[in-house]
Structures are given as structure tokens and as C-alpha cells.
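Heads up: the sequence lines are chains A and B, in that order.
First residue of the first sequence: 1, per UniProt numbering; consecutive thereafter.
First residue of the second sequence: 1, per UniProt numbering; consecutive thereafter.
Some clues are possibly wrong.
Cross-link-like lysine-lysine pairs, in silico, DSS-like; alpha carbons within 30 Å at most [said to hold, decoys possible]:
id	chain 1	residue 1	chain 2	residue 2
1	B	LYS147	B	LYS247
2	A	LYS24	B	LYS3
3	B	LYS247	B	LYS226
4	B	LYS3	A	LYS449
5	A	LYS191	B	LYS7
6	B	LYS265	A	LYS191
7	B	LYS3	A	LYS184
8	A	LYS24	B	LYS7
9	A	LYS266	A	LYS28
10	B	LYS147	A	LYS266
11	B	LYS247	A	LYS191
Worth flagging that the hints you see were computed from the coordinates, not collected in a lab.
So the chains spell out like this:
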Amino acid sequence: MLFNSLDFAVFLPIVFVLYWFVFKTSLKLQNLLIVLASYVFYGWWDWRFLSLILFSSVLDYVIGIYISQTTLPSKRKALLFTSVFFNIGLLGFFKYYNFFVDSFVSSFSFFGWTIQPNTLNIILPVGISFYTFQTLSYSIDIYRNKLQPTRNFIGFAAFVSFFPQLVAGPIERATHLLPQFYNKRLFNYHKAVDGLRQILWGMFKKVVIADNCARYVNMIFDDYTSYSGSTLFLGVFLFAFQIYGDFSGYSDIAIGTARLFGFELKQNFAFPYFSRDVAEFWRRWHISLSTWFRDYVYIPLGGSQGSKLNQIRNVLIIFVVSGFWHGANWTFIVWGAINALYFLPLLLFERNRVHTDVVAAYRLLPSFKEVFKMGITFLLILLSWVFFRAESLSHALGYLWQMATDNFVSIPQMRPTYLFVLIFIFIIVEWLGRKQQYAIELLWLQYPKVMRWGFYFCIAILIFLYGGQEAAFIYFQF
Amino acid sequence: MLKFLKKVGFIVIGFLLLSYLISHASLWSLRQSQFYKPTFLTNGVPQTQFDYIVLGASTGLTTLNTQTIDSVLHTTGLNLSVDDTSLPNQYLMLQHFIATGKRTDFCILAPNPKNYNTLEHTLSDNDYRFLMYAHRPYVHDYYSQFKGTRAAILQYSSWMPTLGVSYYNAEVFYPSLLSLLQPNKHNRFDDLGNYSYPDRAFVDAPISQFQDTDLTFKNSYLEKIKALCDLHGITMICYISPMKGLKADVGSADYTIINHSDLLKNSGYFHDGIHVNTIGRAQASVVFARDFKSYLGIN
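Using the sequences and the hints given, assemble the complete structure.
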């Protein structure tokens with residue numbers, strides 16, 4: 001079920017009313033309702049894959065209990081290995097099987113050997129990369145003695161399948177989200193209003209910004225040989241807003257929806273395009289994934305400790321694996337590698353933690369130097385987005401070549417004025433709210449109600465006007 | 001909790017009312033404009049009597065230049081073709097033409113040639129261009145005949161315009177704003193309804209071989225258009241526009257046909273396989289005028 005669909009507009013109020021009116025007296029029943037609602041939400045797309053979520057839930061629930069019951073290191077390790085093997089195995093099979101087979105065949109054909117591959121027609125289950133990482137973190141945290149296993153299966157199943165963040169995150173840690181399923185939730189008016197406000201802003205990002213950019217991005221990327229360099233630059237510029245609007249919009253809707261049910265999810269995006277270097281960008285983009293990789297891959301590898309060579313290796317691994325997580329395609333691996341190359345100089349010269357605050361935190365406007373830094377960072381990120389969006393490496397390279405060599409300094413062939421206006425307004429609002437969890441969290445709260453509500457209604461109307469066509473979220477495919 | 005639900009209820013109702021008003025205003029603005037062909041016909045064409053009109057898809061729009069034809073024949077023509085449409089839409093346009101109180105002696109049908117064979121009818125990509133008239137019975141009936149979400153959205157827009165305006169936002173809402181500022185602006189056609197594809201032609205090369213392609217004229221809408229023409233004393237002529245390397249075999253069709261499928265024998269006249277460029281258009285229009293002359297009874 002898509003957040004921006006009529007189905008969800010009917011589904012959400014029904015679950016909300018059942019949750020707060022019918023089942024409000026029993027925590028267990030509330031959790032059970034969340035499990036059922038989440039399974040309906042997921043099954044709306046394809047009910048057959050519910051078995052994977054159920055399998056993952058049972059497996060990690062049981063393994064978690066067994067790990068805590070044994071003190072024998074080898075046995076604990078074996079149990080953890082079982083969890084990792086099955087979770088990564090599921091992910092590997094459904095997401096990467098054909099990629100590995102194809103790459104294997106290609107590398108052999110490079111040497112002149114022909115192999116008839118056995119590729120399978122595998123459907124990628126929506127959200128598999130998200131919930132497998134969530135369940136994995138549960139087992140790993142128990143193994144590390146950071147978390148006590150739960151004996152409440154319904155609560156655990158609700159944690160794994162919690163519908164607001166099931167299919168595209170934020171990837172929650174058991175240490176943060178799971179305890180919330182043990183405690184009684186009380187309806188909080190201000191939290192609920194705040195949740196609705198965040199949903200509104202998320203919808204705006206997705207429906208108005210991302211989906212409108214997508215029209216032009218698709219046209220330009222699908223037929224890039226027909227366009228001038230400047231138009232191709234416009235294509236990747238719009239893609240930067242498409243991917244940000246799409247994914248951070250989803251996260252906002254997820255966090256806002258969770259808040260309606262009394263849950264707090266972690267912030268997933270912190271205005272990444274206002275970053276002053278790539279290190280800051282990666283602290284602000286898809287935070288739940290970056291921190292997951294940091295805690296479960298980068299730090300165990302040694303992180304930024306050890307020799308320079310080890311540091312370089314660790315950074316390369318983390319970025320390439322992170323790229324590969326996004327999809328079974330060499331384009332994502334290259335995208336990750338490019339970002340690693342951006343990041344490495346900062347790490348090696350110990351400049352990777354220079355910008356840990358909010359840009360121009362106590363000023364309305366940034367300084368010239370800050371604008372310059374943000375501009376350069378944005379341009380570097382744009383370059384890498386070409387690989388993220390392209391269908392193949394040759395597509396990406398062809399796109400970049402055409403962009404550089406065919407009338408880069410010219411007026412683009414496409415000039416969607418209305419979209420430029422929308423993006424401009426969007427940037428202004430994001431800038432004004434850059435210190436908050438989401439842009440309109442506290443925006444204009446000090447002004448009269450009429451003004452604030454006028455603003456909310458304008459956003460709502462724009463969503464309505466631009467929301468006719470349901471477009472899937474990009475991160476569903478990951 | 002009740003306070004929250006009440007507030008949400010009020011907001012939703014207010015929001016629905018507002019969106020309803022905006023959608024109505026958007027369609028009203030388009031109805032006053034000349035942006036798309038249907039409103040151009042209503043607001044931008046004061047003349048009521050024509051010698052001929054061209055009804056077609058992109059082939060009709062970009063092949064027959066009424067300005068060229070009229071300069072040769074001293075006639076008055078109007079091109080009402082709309083790209084990405086098929087014969088059902090051309091039937092609708094003819095109904096609309098008649099409903100606006102205009103008259104013509106000839107109706108030149110110029111759809112995509114393959115469309116003469118189509119048996120199953122679906123909604124065309126640009127059928128939304130009649131959305132501002134969705135409340136009119138002939139437009140509502142037109143949308144009602146198709147299946148699928150898009151057709152349902154257009155059909156129900158007669159009483160809930162937000163559906164159509166929201167679904168076709170970039171195609172409807174944005175032009176409606178533009179129309180408020182520039183009510184006389186046309187969406188890629190001139191004052192006589194003509195448009196030409198840019199001159200990105202193939203390399204000059206003679207086309208020596210033309211492959212035969214059968215046109216059966218089995219499309220049921222041909223009968224419907226013919227019947228409507230007959231009812232209003234209009235002569236219908238089926239025009240087959242030039243195709244690159246294809247020659248239409250029209251067999252023994254019961255319609256008056258001008259077959260120019262193999263007229264242009266050089267790739268340099270074409271924009272793509274079925275569309276001519278500016279040079280091809282000039283050539284095709286002159287030859288059409290010559291052939292059409294005999295039907296007009298001019299010496």
C-alpha cells in the first residue's frame with residue numbers, strides 16, 4: 001500500500017479509530033492490531049511475501065532467546081551466525097542472485113568462455129532490505145549484551161512489521177523501538193497534531209516536489225542523447241530533488257504516522273543539501289542506514305582507528321557495501337565508491353568532523369563562504385547521483401560525456417517554470433526550518449493562527465492538485 | 001481525542017471544499033481560454049462557416065497545413081487535429097464542432113493511418129483536453145464508454161472536477177493558471193490550428209521501395225463519423241498521410257479516400273516514420289490541395 005494512495009487514506013483512519021477507541025484498554029490487543037494492520041498493509045502489495053516477514057520474526061525471536069540463555073561463546077557465535085546467514089541469505093537470494101549470476105557470466109565471457117546461466121525470475125519483496133536489517137540488529141545487540149531478548153512475541157512481531165516504517169524505513173534499532181511496544185501508549189493531542197503536520201510536509205515533498213521532478217528526470221534520462229549538456233545538468237539537478245523529496249518525504253510520513261499511534265521513530269534526514277562537506281552530507285542523509293553500517297560494519301572493522309591503510313580500506317568497504325545495499329547493479333557500487341573517494345581526503349586530513357553543527361545556526365542567511373561550501377558539496381553529490389539514477393554504467397558514462405561535451409553552457413531545452421518556483425519555495429522553507437526535525441515543525445508558530453493555517457492549506461491544496469497520480473516511492477525497490 | 005478528531009474533520013471538510021472550488025475555477029479558466037483545441041474552437045474562432053475542417057491525430061495536425069491549402073484553393077479551412085488521439089476523439093471533436101454552431105462542407109479525416117484498422121477502442125492520451133466540457137452530455141458519454149481508472153476519473157469529473165484536475169495537474173491546472181494571464185495562448189498550434197514538427201529530418205536519400213500495408217477501414221467509428229457528417233450535410237473524405245517507405249493498400253473501401261501514403265519519395269521529407277517535417281508538410285499540402293480541388297468542383 002502506498003502512503004500517497006486512496007487505499008491508505010481509508011486504511012489509516014480505520015486503524016487509528018480501532019487502535020484508540022476499540023483496543024485502547026489492552027496493550028496486547030493494541031500490539032496485535034498493529035501486527036494485523038501491518039500485515040494487511042504489506043499484503044496489499046503481495047500477501048505471499050508475508051511469509052518472509054513472519055519467518056524473519058520467528059527466527060530472530062527464537063535466536064534472541066537462545067543467545068541470552070547460553071554463555072558459551074562458540075554457541076552464541078553459532079546462533080548469531082544462523083541469524084546472519086538466514087537474514088542475509090534471504091536478502092542475497094531475492095535481491096542479488098541474478099546480479100551475481102550475470103556478473104559471473106560476464107566475467108567468464110570476457111575471457112572468451114560462454115556459460116549458459118540459470119537466472120530465475122525473482123520478484124524482489126518490497127522492503128526486504130529494511131526489515132532484515134532491523135531484525136539483524138536485534139540479534140546482534142543481544143549477542144553484544146546491549147539488549148535483553150523479548151519474551152513478548154506479539155510485541156516483537158509488531159516491532160519487525162510496524163507498518164509506518166516497514167517498507168522504506170527509517171531502519172529502527174530494537175534498543176529504541178522495541179521497548180515502546182512494552183509500554184502503555186496514551187493519546188497525546190500535541191504529538192498527534194505534530195504527527196499530522198509531519199505527514200503533511202512529507203506528502204508535499206513526495207507528491208509536489210519528487211513526483212513533479214520525476215516527470216522531467218525520466219524524460220531526460222530515458223532519452224539523454226537527444227538533449228544538450230545543460231538539459232542533462234537540469235535532469236540530474238531535478239533528480240537530486242526527486243530522490244530527496246521521495247525518500248525524506250516517505251520518512252516524514254512514516255515518522256508522523258508512527259507518532260499518531262504514540263511511537264517515536266528516529267530522524268532519517270537532517271537537511272542534507274545544506275551540508276558544507278561530504279562528511280556532513282553523510283551524517284544528514286539516510287541517517288538510519290548510515291548509522292546501521294557504522295555500528296555493525298565500520299566500527300567492527302576498526303573504524304577510523306589503526307593505520308591509514310586500514311582506514312582507507314574501512315571507508316571503501318562501508319561506502320561500497322552501502323551502495324550495493326541500494327540495488328543489485330554496478331551503478332550503485334560505483335556510486336558508493338565515488339562517495340568514498342569524496343570522503344577519504346576529509347578523513348585522512350582529519351577534516352571529517354569539522355561541520356557537526358547546523359549551518360548558519362544563529363543567522364538568517366549563510367555567509368558567502370558557507371554558500372560556496374554548500375554549492376561545491378551539492379555539485380559533487382549531483383555528479384554521483386548520475387550513477388545512482390542511470391540504468392547501467394554505460395548509461396551513466398554516456399550521460400556524463402554528453403553533459404560535458406554537448407552545449408553545457410546553453411539554455412536547457414526544458415524549462416519547467418512552475419517546477420522551479422516550487423523548488424525555490426521548498427528550499428526556502430527547508431532553510432527556515434533547518435534546525436528542527438522537519439522543516440515545518442515550528443515554522444511560523446509565533447505568527448497568528450490565520451497565517452499558519454493559510455500556509456498549511458496552501459500545502460494541502462498543492463498536494464491535492466498534484467496528487468492525482470499515485471507514483472511509487474523510489475526506495476520501495478531497495 | 002474527540003477534540004483531535006473534530007479538528008481533523010473540520011480541516012478535511014474545509015480542504016475538500018477549497019479544492020473543489022479551485023478545480024472549478026481551474027476548469028472555468030480553461031473554458032475562457034484558447035489553450036487547447038476544444039476551447040480554441042469555442043473562443044478563438046469567430047467564423048462559423050468553413051469549406052473544410054481537418055480532423056485527425058498528429059499526422060493530420062502536422063501534414064495538412066490549411067494555410068497552404070487555402071492559398072492554393074482560396075478556401076477557408078480549419079485544422080482541428082489533436083496529437084495522440086484516435087478516431088473516437090475525432091468523432092467527439094466533430095460533435096463539439098457542430099455543438100458550437102459551426103458549419104463545414106467537407107470533413108477531412110486524417111488519423112494515424114493504422115487507426116483505420118483499429119477494432120478495440122481505448123481512451124487516448126490527450127482526451128483530457130475536453131475535461132473543461134465534461135459536464136456536457138456528449139463529452140460525458142464519450143468518457144463513459146471507456147474502461148479503466150483514467151476514463152473513470154474523466155467521467156466523474158463532471159460532478160467532482162477535483163478528480164480530473166488533480167490527476168491531470170500539469171496538463172490542466174498549470175495551463176489554467178497560464179490562461180488567466182494569457183487567455184489567447186495556444187498550446188502548440190497557430191491561428192488556424194496548424195502545427196509543424198521541427199526540421200530534424202533524416203539524411204536526404206531517395207526511398208526506392210515501398211512496402212504494402214493493408215488498411216481495412218473496419219474501425220467502427222468511421223461509420224459513426226460518416227453518419228454524423230451525412231446528418232449535417234458534410235462530405236467526409238479519408239486522408240492517408242505520407243508514410244516513410246510504406247504504401248497503403250486501401251482495397252475496396254466504401255469511403256472517399258485520398259491516399260498519399262507513398263507520396264513522398266525521399267527520407268528528407270520526414271521527421272519520423274509517419275510524420276513529415278516542414279518541407280514534407282509543404283509538399284503534402286500542395287498535392288492535397290490539387291487532389292481536393294476536384295471534390296470542391298473548382299476548375
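These are the hints, each one checked on the structure:
1. B:LYS147 x B:LYS247: Distance of about 34 Å is beyond 30 Å: violated.
2. A:LYS24 x B:LYS3: Holds, because 17 Å separates the two Cα atoms, which is no more than 30 Å.
3. B:LYS247 x B:LYS226: 24 Å, holds
4. B:LYS3 x A:LYS449: Roughly 17 Å between the alpha carbons, so the hint for B:LYS3 and A:LYS449 holds.
5. A:LYS191 x B:LYS7: 14 Å, holds
6. B:LYS265 x A:LYS191: 72 Å, violated
7. B:LYS3 x A:LYS184: 21 Å, holds
8. A:LYS24 x B:LYS7: 21 Å, holds
9. A:LYS266 x A:LYS28: 24 Å, holds
10. B:LYS147 x A:LYS266: Roughly 44 Å separates the two Cα atoms, so the pair is violated.
11. B:LYS247 x A:LYS191: At roughly 70 Å apart (the allowed maximum being 30 Å), A:LYS191 and B:LYS247 break the hint.
In this structure, the hints that do not hold are numbers 1, 6, 10, 11, in rising order.
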